[in-house]
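Produce the entire structure from the sequences given, and follow the hints as far as they go.
Respectively, the protein sequence lines represent chains A and B. Going by the working numbering, 40 is the number at position 40 of the first sequence; the sequence numbering is gapless. Here the working numbering = 1-based position in the second sequence + 1000.
It should be emphasised that the hints constitute simulated quantities derived from the structure, not laboratory data. Accuracy of the hints is not assured; some may be wrong.
Derived DEER-like restraints, expressed as beta-carbon distance ranges [unchecked claim]: (1) Ser1066/B <-> Gly41/A: 23 to 33 Å; (2) Leu51/A <-> Glu1018/B: 40 to 50 Å; (3) Gln1017/B <-> Gln76/A: 45 to 55 Å; (4) Gly41/A <-> Thr1073/B: 16 to 26 Å; (5) Glu14/A <-> Thr1007/B: 22 to 32 Å; (6) Thr44/A <-> Asp1056/B: 41 to 51 Å; (7) Thr1007/B <-> Thr44/A: 13 to 23 Å; (8) Leu1096/B <-> Gln76/A: 24 to 34 Å; (9) Met80/A <-> Asp1063/B: 40 to 50 Å; (10) Pro1008/B <-> Arg66/A: 34 to 44 Å; (11) Pro1008/B <-> Thr44/A: 20 to 30 Å; (12) Gln76/A <-> Asp1063/B: 27 to 37 Å; (13) Gly1016/B <-> Gly58/A: 41 to 51 Å.
One-sided excerpt, in silico: chain A residues whose CB lies under 10 Å from chain B [as the list claims (entries may be wrong)]: (14) Gln37; (15) Gly40; (16) Ala42; (17) Gly58; (18) Ala84.
Think of the CB as a built atom: it goes at the ideal place given N, C-alpha and C, for glycine as much as any other residue.
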Amino acid sequence: GQSLEQPSEVTAVEGAIVQINCTYQTSGFYGLSWYQQHDGGAPTFLSYNALDGLEETGRFSSFLSRSDSYGYLLLQELQMKDSASYFCAVRTARGSGNTGKLIFGQGTTLQVKP
Amino acid sequence: DARVTQTPRHKVTEMGQEVTMRCQPILGHNTVFWYRQTMMQGLELLAYFRNRAPLDDSGMPKDRFSAEMPDATLATLKIQPSEPRDSAVYFCASGLVGAGASQPQHFGDGTRLSIL
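Set out below in structure tokens:
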């Protein structure tokens, strides 16, 4: 089977740093993606890790440890507009190939307070 | 910017009626995905296509749901007959998948479906 675990809610204040963790169990793993969703709108892509280590994109960074089946999304200099749901998603593999298919976690609701 | 376009944006209908949702993927993307999002189940993959061929529809209730890609610019998801438990937001996404390609999926704005 396949499962992803992430916290259901996180609260932080403006200007702070927050880390959203994700652990996964999958039968075929190609990489870990992160998506942001505001108020039920279209999920939008934030970051992707295929290899171990840290990927940085502006205020957002994502980390992956394949040996630990673990990743996290780090949001720095939080702004009110960062209040949203954040999903980790495993990109699945068949053999060594990328299926392109994503399995999503249940999402973490981030509330940023003034 | 290129976008995935979904129609209709909202649909309210009575149980037993047929519902058809449409999706225009981004030009050049070879893979199209259908997802359903509910509070209880989160984002679930229903089906996906590569180069218009169905690859996996194991997430879809076969007795009432069907997904097709009549051409490269149109994907459809049909529910017949619809039931109240089908009420959800249905998202279409498209992406480019291939050797060495790790393109993200781009999502449409969704169809908000309510079955009374």
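- Which earlier hints turn out false for this structure, listed by number in ascending order? Per hint list: 5, 6, 12, 17, 18 violated.
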